[in-house]
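K.L.:
Sequence:
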Amino acid sequence: MKSFEIRSARSKDIPQIGEVGLASWKRGIGPHVPQVAHDTMSKASFTDFASACLDQIVVAVKEDRVLGFAATEHADNFITDLWIDPDYESSGLGTALAEEAERRIAARGYHTAEISVLIQNERALGLYHHMRYEDVREATKFDEDLKCEITYIRLRKHLPFYAEEIA
Numbered sequence: 027m028k029s030f031e032i033r034s035a036r037s038k039d040i041p042q043i044g045e046v047g048l049a050s051w052k053r054g055i056g057p058h059v060p061q062v063a064h065d066t067m068s069k070a071s072f073t074d075f076a077s078a079c080l081d082q083i084v085v086a087v088k089e090d091r092v093l094g095f096a097a098t099e100h101a102d103n104f105i106t107d108l109w110i111d112p113d114y115e116s117s118g119l120g121t122a123l124a125e126e127a128e129r130r131i132a133a134r135g136y137h138t139a140e141i142s143v144l145i146q147n148e149r150a151l152g153l154y155h156h157m158r159y160e161d162v163r164e165a166t167k168f169d170e171d172l173k174c175e176i177t178y179i180r181l182r183k184h185l186p187f188y189a190e191e192i193a
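According to my numbering, the residues represented by the sequence shown are 27 to 193, in order.
Don't read these hints as lab results, they were simulated from the structure. Take the hints with a grain of salt, since some may be wrong.
27 Å max Cα-Cα, derived DSS-like pairs, lysine-lysine [said to hold, decoys possible]:
no.	residue 1	residue 2
1	K69	K38
2	K167	K88
3	K52	K88
4	K69	K52
5	K52	K38
Here are the computed distance ranges between Cβ atoms for each label pair [claimed, not checked]:
no.	residue 1	residue 2	range
6	D169	R149	25 to 31 Å
7	G56	G118	32 to 38 Å
8	D102	P60	29 to 35 Å
9	T138	C79	30 to 36 Å
10	K88	C174	31 to 37 Å
11	M157	K52	32 to 38 Å
12	K173	E125	31 to 37 Å
13	G56	H100	21 to 27 Å
14	R33	D65	32 to 38 Å
Yeah, the Cβ is synthetic: ideal placement off N, Cα and C, and Gly gets one too.
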C-alpha cells in the first residue's frame with residue numbers, strides 16, 4: 027500500500043512545491059550546471075511556476091506535506107516538470123507522479139507522452155527508461171532560465187490507454 031496520496035495541486039501547496047522543486051533541482055541538476063545557473067534558481071522560481079500553472083500540477087502528499095510534483099505546463103503531452111524531495115527518492119513517487127501525468131495526458135486525447143532530461147541526470151534517465159520511455163533525440167541549446175548551454179535527451183512513450191478508458 028502506498029504511503030502517499032497523488033492529487034491535483036492546491037494553492038496551499040505552492041510554498042511546499044517551491045521547497046521541493048529547489049531541493050530536487052539542487053540534487054539532480056545543480057551538480058551538472060555552472061554557478062551562473064545556480065544564481066538564477068530559487069524557491070521563487072518554482073513558486074512562480076506553480077502559481078502560473080497550478081491546474082496542470084499533480085502532487086504526491088503525505089499528511090499534508092508535499093513530497094513531489096509533476097506538471098504539464100502547457101496542458102499538452104509534454105511533462106515539463108517532475109521533482110521529488112531528495113529524502114523520498116527511490117520510494118515510488120516519481121513513477122506514481124509520472125503515471126498520473128500520463129493518465130491526464132491520455133485524457134486530453136494524446137497517444138504519447140514526452141519529457142526532456144538533462145543528459146547527465148542518470149537517475150531520471152534510468153526512471154524514464156524503466157517506464158518504457160524511448161530516446162527521441164539529443165540536443166544542446168542555450169537555456170534562457172539557467173543562462174547556460176545544456177544538453178538534454180527528449181524521450182517519448184506510447185501510452186497504452188486512452189481517454190475513453192480512463193474517463
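K.L.:
Would you mind marking each hint as holding or not holding in the structure?
P.N.:
Now the hints, each set against the structure:
1. About 15 Å separates the Cα atoms of K69 and K38, which keeps this hinted pair within 27 Å; it holds.
2. The hinted pair formed by K167 and K88 fails the criterion: a straight-line CA distance of about 37 Å is larger than 27 Å.
3. In summary, the hint linking K52 to K88 is supported, as the alpha carbons are separated by about 22 Å, within the 27 Å threshold.
4. Using a Cα cut-off of 27 Å, the hinted pair K69 and K52 holds, with the two alpha carbons roughly 11 Å apart.
5. At roughly 23 Å between alpha-carbon atoms, K52 and K38 fall within 27 Å of each other, so this suggested pair holds.
6. Hint check: D169 to R149, Cβ distance near 20 Å, so the stated range 25 to 31 Å is violated.
7. Our hint of 32 to 38 Å for G56 and G118 is violated, since their Cβ atoms are close to 24 Å apart.
8. Range check, D102 to P60: Cβ separation about 30 Å, and the 29 to 35 Å hint holds.
9. Against the hinted window of 30 to 36 Å, the Cβ-Cβ separation of T138 and C79 comes to about 21 Å, which falls outside the hint.
10. Between K88 and C174 the CB atoms are about 35 Å apart, so this pair conforms to the stated range of 31 to 37 Å.
11. Taking 32 to 38 Å as the suggested C-beta distance range, the pair M157 and K52 does not conform, at roughly 24 Å.
12. Hint check: K173 to E125, Cβ distance near 33 Å, so the stated range 31 to 37 Å holds.
13. Look at G56 against H100: about 25 Å separates their beta carbons, and that is inside 21 to 27 Å.
14. In this structure the supplied range 32 to 38 Å holds for R33 paired with D65, their Cβ-Cβ distance being about 34 Å.
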